[in-house]
Amino acid sequence: MKYKKILVAMDNSLQAAKVFQAALDIAQKCGSKLMLFNCINSYFLDESAISIGTMADVDIYGTLQQQHRQNLQQETAKIQAWLEAYCQQANLRKVEAEYTYKFGEASKEICNFAKTWNADLIVLGRRGHKGITEILLGSVSNYILHNAPCTVLVVQEKVFPKEEKQVHATTAAY
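Using the working numbering, you'd call the opening residue of the sequence shown number 1163 and step up by one each time.
Worth double-checking, as some hints may not be accurate.
In the DSS-like style, the derived pairs of lysine-lysine whose C-alpha atoms are separated by at most 27 Å in a straight line are [what the hints assert, rightly or not]:
hint	residue 1	residue 2
1	Lys1191	Lys1166
2	Lys1167	Lys1270
3	Lys1164	Lys1191
4	Lys1180	Lys1264
5	Lys1264	Lys1277
6	Lys1164	Lys1277
7	Lys1164	Lys1240
8	Lys1167	Lys1240
Beta-carbon label-pair distances, calculated as ranges [claimed, not checked]:
hint	residue 1	residue 2	range
9	Gln1228	Thr1313	41 to 47 Å
10	Ala1179	His1308	36 to 42 Å
11	Gln1227	Leu1254	37 to 43 Å
12	Gln1227	Gln1251	21 to 27 Å
13	Leu1307	Lys1166	17 to 23 Å
14	Ala1247	Gln1190	36 to 42 Å
15	Arg1255	Asn1280	19 to 25 Å
16	Ala1179	Gln1228	21 to 27 Å
Don't read these hints as lab results, they were simulated from the structure. Idealized CB from N, CA, C, for every residue including glycine.
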């Protein structure tokens, strides 16, 4: 299958480079366009985190609100620079790439953007949560696998087998 538009869902984790590389390899082979996508945690939008509980809080509310906006701007600038660096890597390999970011819940934003942009393929990573952790935290990759409007490639985080420890029995006469 030839993919024309590949949406690369990236978070700022160690696995992001592996996800990007997988998408870049496919894009080079298929002559695809890449759209690098990041979803900024909705925490940065939630001004209700700045609560007014006492009269003393009212005095500092404006300062906290300003600090909240500065944090949002700093996070956004950091994400833009990070995504731009990946776009430049793609361009060096003669792959057309651009980026975008959204605020909100990653799983839904990725699916919505893939539909709007008419993506042929979504490439994303998976951290490997299992059992109760996956139930409690949810799984972005699982949601996307079941709700995406296109083909999905999940790049599994490499899990190293646990090291076996060898125990040697010895006897000593004292």
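So, going through the hints one by one against the coordinates:
no.	hint	result
1	Lys1191 to Lys1166	holds, 11 Å
2	Lys1167 to Lys1270	holds, 19 Å
3	Lys1164 to Lys1191	holds, 9 Å
4	Lys1180 to Lys1264	holds, 22 Å
5	Lys1264 to Lys1277	holds, 14 Å
6	Lys1164 to Lys1277	holds, 18 Å
7	Lys1164 to Lys1240	violated, 33 Å
8	Lys1167 to Lys1240	holds, 25 Å
9	Gln1228 to Thr1313: 41 to 47 Å	holds, 44 Å
10	Ala1179 to His1308: 36 to 42 Å	violated, 26 Å
11	Gln1227 to Leu1254: 37 to 43 Å	holds, 42 Å
12	Gln1227 to Gln1251: 21 to 27 Å	violated, 37 Å
13	Leu1307 to Lys1166: 17 to 23 Å	holds, 21 Å
14	Ala1247 to Gln1190: 36 to 42 Å	violated, 18 Å
15	Arg1255 to Asn1280: 19 to 25 Å	holds, 23 Å
16	Ala1179 to Gln1228: 21 to 27 Å	violated, 35 Å
Checked against the numbered hints given earlier, the structure breaks hints 7, 10, 12, 14, 16 and satisfies all the rest.
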